[in-house]
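Residue numbers (our numbering), protein chains in the order written: chain A, 98 to 523; chain B, 41 to 290; chain C, 47 to 394; chain D, 18 to 311.
Quick caveat, the hints were computed from the structure, so don't treat them as lab data. Note that the Cβ used here is the ideal one computed from N, Cα and C, for glycine as well. Please note that a few of the clues may not be correct.
Unchecked claim - Okay, derived cross-link-like pairs now, DSSO-like style, lysine-lysine, Cα gap no bigger than 27 Å in a straight line:
#1 A:K509 with C:K138
#2 C:K262 with B:K207
#3 A:K310 with A:K263
#4 A:K445 with A:K431
Unchecked claim - Okay, the calculated bits of chain D under chain A, using three or more residues with CB under 8 Å as the criterion:
#5 22–34
#6 87–94
#7 228–236
#8 280–294
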Amino acid sequence: MMHMRGLDRVLVIGLFLSLLLLPFPVKGAEPYNLGVVLEFTGTGALYSRHSYQGIELAVEEINKEGGFLGKHPIKLFSRDSQSKPDVGVREAKDLILREKVKGIIGTQSSNIALAVEEVCYEYKIIHVIANSNAEAMTVSNYSPYTYQIVPNTYMQATATAVSIAKNVKSKGWKTYDTIGSNYEYPHSTINTVVEHLKKTSPEFKLAKQYWPKLGETEFSAYVTSIIGDKPDFVYACVPGSDGFALFRQGNSYGLFKNVFYASGATFLTEMMEMKDELPRGIVTVLRAPFFANMNNPMMANLVKKYQAKFNQYPDDFVPMQYDAVYVLKQAIEKAGSIEPENVKNAMKGMTVNTTRGSLSFRKIDNMVNCPSYTGIIADDPKYPFPILRDMVVVSGEESWRPESEVLQLRDKADLSKKRRPEELKF
Amino acid sequence: MGSEILLQIRELNKTFDGFRAISNLNYELRLGELSAIIGPNGAGKTTFFNLITGYHRSDSGQILFNGKNITGFPPHLISNLGIARAFQVINIYPTLTTYENVRQAVLSDQKRTLDIFTLASRLGRQETMEILQSCGISGHANVISGTLSQGDKKRLELAIALGNKPKLLMLDEPTAGMSGEESKETMELVNTLNREKNLSIVFTEHDMSVVFGYARRITVLHQGEIIADGTPEEVRGNETAQRVYLGEEA
Amino acid sequence: MGDIWYSDEDLSNMMKTNSFRLYLWFALIFGGSIVLPLVVGVFWIHVLTEILILGLFAMSFNLLFGYMGQLSFGQAAYYGLGAYATAMMITKTSIPFPLCIIASILIAGICALIFGYFCVRLVGIYFAILTMAFGQLVYYIIFQWYEFTGGDNGIQGIPCPMLLRNAYSYYYFALIIVTIAIILMWRIINSSFGYTMRAIRDNCNRTRFIGINVEKHMLINFVIAGMFAGLAGSLWAPFNRSVSPDLANWTHSGIPVFMTIMGGPSNFFGPLIGSVVYTILFTSVIGFTEYWPLIMGTIIILMVLFFRGGIVEIFNKKTGQIDMNGSRKEGIFIQNGLRDSATNKGAE
Amino acid sequence: MTGNQIIGQILSGVSRGMMLFLISSGLTLIFSVMNILNFAHASFWLLGAYFTWTFWKILYSPIFGLWASIPLAALTIGAIGWIIEVILIRRIYDRTLTEQLLLTYALVLIIGDLIKLTWGVADRIVPKPKMLSGLVNVFGSPFPVYYILVISLAGFVALGLWWLLYKTRFGRRVKASVFSREMVGALGIPIHRIYTGVFVLSLIIAGLAGGVQAPISSVTLGMDMSIIVECFCVMVIGGFGSLIGALVGSLIVSLVYAFAIMVVPKMALVLIFIVTAIVLIIRPWGIFGTAMRT
């Protein structure tokens with residue numbers, strides 16, 4: 098039943114319609130187009146909102162002095178990946194092909210960062226990651242164009258494991274449970290902690306593991322089950338709003354009173370948002386807390402500027418994103434040009450100064466030796482929200498994966514299909 | 041009349057949550073018969089048709105067609121054996137053209153419905169045009185059947201049933217909603233089909249002039265039981281049938 | 047209307063004029079889609095490729111919805127399966143790309159057969175919810191099966207075969223495959239099997255009584271639709287260079303529904319037109335605002351309330367359309383061939 | 018698995034089930050009376066939670082802060098529902114299933130973005146009232162007092178709906194219109210008023226449920242998208258259009274989930290869809306549904 102009579106017009110109009118919509122490509126311009134792909138919708142929305150503030154602040158400061166190398170004002174293009182990898186890929190392509198960006202600052206969640214990493218590799222664009230800390234980005238899915246300036250899951254987990262191991266000895270713990278949202282980031286974090294604890298304190302047994310679904314709002318079943326197991330210690334990695342729900346329901350069941358609890362995914366953002374609802378006395382690991390680096394002039398300046406602009410303290414993500422722009426600036430200055438190819442070569446093994454002091458990239462995986470900050474959540478008169486007490490700073494070199502293991506993992510991942518051979522030799 | 045038995049019903053029963061629609065009914069239909077089933081509303085005529093064509097499953101009893109027991113068969117198997125049905129309420133394919141409606145039944149009869157590769161327009165044209173013409177609706181071949189008049193739709197209903205080249209044609213009130221002239225035409229067609237092709241036909245009808253005008257055998261159904269069965273003259277003389285119809289007894 | 051007797055050749059040339067215009071129309075689309083890429087910038091090549099792949103996905107959905115009258119809310123499951131099968135075969139084995147496509151079509155077809163066996167026994171809302179449930183089953187299995195499918199990380203860096211690496215060559219490759227698929231679909235819906243589908247859509251009950259095993263035919267159509275969705279998925283994987291479980295999620299099943307409703311389900315090319323408008327709208331809307339769902343939601347409401355038949359119907363006023371009980375109303379909307387719906391009560 | 022662990026699981030399963038019931042009851046009521054499957058029902062639940070936060074912020078008194086803000090939020094959602102019913106839903110009564118699904122799906126997208134526009138992306142936290150934040154020992158395993166409020170509210174709503182449908186004139190008219198809208202219209206009963214009444218009532222219940230949910234977990238975007246699919250499973254298992262079905266369905270879904278977490282954590286959600294598929298295959302109209310409703 099093909100009634101074609103009226104359709105001739107729709108075809109002709111349809112074709113013209115799509116032609117008119119297509120904008121004509123714009124001539125290359127002098128400014129440095131910087132792309133940003135973050136999750137403005139979905140579970141990571143809050144972190145992305147703060148991260149973007151950090152980037153804006155850095156770009157404002159640099160543009161005041163004329164931009165990169167004093168003559169390339171930075172033009173920012175932000176895109177929302179909606180927490181979906183395929184949308185992240187399309188947006189990254191949109192930035193590279195249509196907006197002609199020369200660098201992209203990476204995404205919040207790891208699965209999207211991995212997808213965007215591939216796009217940047219294909220189109221040879223500099224990709225700086227300051228939020229998502231999946232280890233796969235620099236180890237099993239290594240790309241010469243991707244630089245990570247946030248402590249990855251292995252480093253954070255090792256730092257936590259180091260502080261837990263001390264307690265196991267002093268407090269004589271026997272068993273522990275783990276609970277983590279069921280996706281890659283919690284999986285790799287918890288696995289690293291478990292491996293490390295097996296090595297350092299073999300008598301410390303893992304009783305039970307729980308994997309609530311991503312986006313879970315009802316943890317009472319998990320909390321009652323953990324209380325039932327009566328473990329000495331619980332290691333948790335439940336990020337974002339799921340973590341909020343777990344804390345609140347854990348509080349109502351009195352979980353934190355009778356069990357020593359460490360969280361691998363409670364960042365400064367949570368501590369600032371939850372304030373009194375956040376249980377005190379639990380261990381957590383932070384990435385770039387401002388209060389631990391106030392003696393660093395760059396961090397002090399950032400805190401002052403951020404408070405002036407947004408009248409709140411910066412969380413973990415703001416300093417890292419701020420650093421991302423400055424790392425790019427220093428790499429461009431070293432390369433003396435804004436072309437991604439030269440910036441890539443200049444950035445290899447480079448030492449940069451950041452809000453967390455001077456750090457340097459490891460040649461083998463473009464990972465910077467940034468420290469992780471573990472400590473016990475406690476109140477502090479100076480700040481309206483809880484911060485860490487008896488803080489232990491575990492340096493990058495102490496916590497990152499040894500080079501031999503990195504190469505081993507990379508061979509297992511067999512990148513020969515994805516990367517050119519010369520890029521895999523160090 | 042006909043020679044061997046085409047359709048045999050033995051002790052058929054059907055109750056719908058308490059209401060006995062059909063109570064141990066026995067019925068036989070021979071090849072080439074043109075018979076009518078009459079009875080007041082709720083006598084079980086349509087349920088009788090539904091049981092034979094497999095729309096409902098009978099509680100007990102047997103239905104034999106061509107000696108083969110088809111009790112409990114699904115409608116499409118029964119139809120493939122050669123029982124075609126036209127419905128009381130219009131039951132056609134409204135968004136398809138009249139031609140496509142009938143062709144669909146022809147394709148099903150030729151077992152081509154699973155054929156993904158040959159274009160439908162190349163198949164069954166001859167048989168479809170014949171049926172359309174015999175039913176007098178070939179003029180509307182390319183008209184979307186939903187826009188036909190009530191009478192034409194009823195004829196299309198009949199044409200679709202004929203598309204299956206049935207051995208037994210069951211018509212549920214074929215002339216309902218038709219003008220006198222149209223119902224005469226339809227019944228003439230039914231008559232010629234019965235005569236020329238020796239096609240056995242059973243139909244239900246309320247219009248007594250049609251029943252006594254054309255049927256050569258009349259079965260009177262009342263509360264699920266056959267109370268009279270025979271030639272029009274015998275049935276007219278039968279008092280129980282009259283009592284039921286003339287309404288002495290509710 | 048008097049009884050004009052159409053001679054045999056009147057009928058055939060009526061069919062012919064129809065098909066002549068059709069071939070003209072088809073050539074125009076095909077010609078346009080060859081010329082267009084040479085005009086537009088590279089980014090829009092990606093958008094055009096996406097239009098083709100999602101258009102094929104929407105047309106596979108319309109085989110079930112427009113031509114069989116059943117709304118499947120889990121079509122993304124077979125799309126996702128096709129994408130994952132191809133992604134895994136390319137990254138983990140050295141099977142050549144064309145073989146991967148064929149294998150993914152078969153895998154999607156087999157899953158459609160297994161799930162379809164149960165779905166075809168239901169109609170209307172039950173069919174929609176069961177297909178959705180199976181869709182979510184596939185989604186969560188891919189999401190949880192961390193070791194095999196890479197879990198929520200999905201599979202990244204799917205290497206595209208050398209000669210298809212640049213955007214233009216992949217576009218033309220997708221164009222050829224999608225055109226072949228469209229011709230195949232065109233043949234299928236105009237075959238006697240295709241008309242049986244329309245009969246089932248229009249009046250599922252009556253189709254039983256003319257000797258057609260409705261469940262068997264619906265199952266075959268379900269498998270065919272699943273295979274075409276699998277093909278679309280396997281084209282998507284190397285194009286997007288990465289696959290994620292989200293491809294099989296129910297929110298992804300909403301895309302072909304929206305495209306088909308927007309384009310017009312009653313027309314063969316409706317979903318393709320819907321794909322053109324949806325993809326261009328989506329890529330341009332997301333460019334300047336974060337609140338694309340608000341815009342998309344408003345458009346859907348306007349389409350459903352005021353443009354019932356979709357874009358196609360706006361230009362098709364003349365034919366006027368028919369609903370189930372024959373009354374003429376603007377914009378045909380395929381009434382689900384509900385098994386026990388009032389109009390099929392004829393048998394009672 | 019020790020004794021009180023099982024009890025703990027049952028209790029948390031029941032409390033989660035009651036929250037699911039509060040949402041699904043309205044969903045089932047709308048479907049049975051108005052034959053509309055409201056995709057956006059969970060979005061109104063989420064809107065109720067956000068409004069509770071706003072009213073709690075405005076009233077900001079520890080004693081009756083929450084007690085006043087939950088009903089206020091529920092009534093606000095009722096009012097919003099009334100407006101949406103008049104403008105939108107009334108036009109799609111006799112549209113096909115697909116159009117209804119698409120229109121209500123569009124509502125989900127729109128409400129989601131309007132929430133983001135008004136309340137931003139940060140999670141909103143509503144503290145539990147002091148007297149309800151304690152713990153009580155039920156058969157030896159700890160159980161938050163607050164969940165008793167959830168369970169009793171669900172029980173109250175179930176009884177209230179049952180009383181309304183079976184005991185009041187409005188209820189009889191509602192049930193009559195389930196069978197044939199034309200007949201009820203023909204009797205001179207204003208059908209539209211019944212439909213608006215049912216829609217607004219269901220949304221008030223959803224708003225109430227949202228308000229009660231706010232103190233349990235944080236109020237965040239996207240909560241509605243994940244729970245609406247579970248509500249569909251509840252409706253399918255319990256049976257379309259039956260209130261008892263919604264109650265039993267939500268208990269089955271949440272208890273299956275509660276125990277699946279213990280036994281096979283990874284497959285918990287997959288299990289719910291398997292159960293739904295099995296029910297749909299064996300008994301499409303669910304445990305308590307009626308075959309009539311296709």
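Are three or more residues of the region 280–294 of chain D within 8 Å, CB to CB, of chain A?
holds (count 4)
Hinted pair, alpha-carbon criterion (27 Å max): K310 (chain A), K263 (chain A). Please report holds or violated.
Roughly 31 Å separates the two Cα atoms, so the pair is violated.
Against chain A, does the region 228–236 of chain D show at least 3 residues with beta-carbon separation below 8 Å?
holds (count 5)
Between the region 22–34 of chain D and chain A, are there enough contacts, at least three residues with CB-CB distance under 8 Å, for the coverage claim to hold?
holds (count 8)
Tell me if chain A covers the region 87–94 of chain D under the three-residue, 8 Å CB rule, please?
violated (count 0)
Quick one, are K509 (chain A) and K138 (chain C) close enough, alpha carbons at most 27 Å?
12 Å, holds
Could you grab the alpha-carbon distance between K262 (chain C) and K207 (chain B) and see if it respects the 27 Å cut-off?
25 Å, holds
Regarding the pair K445 (chain A) and K431 (chain A), is the alpha-carbon distance no greater than 27 Å?
Holds, at roughly 11 Å.
Comparing the model with each numbered hint stated earlier shows that hints 3 and 6 do not hold.
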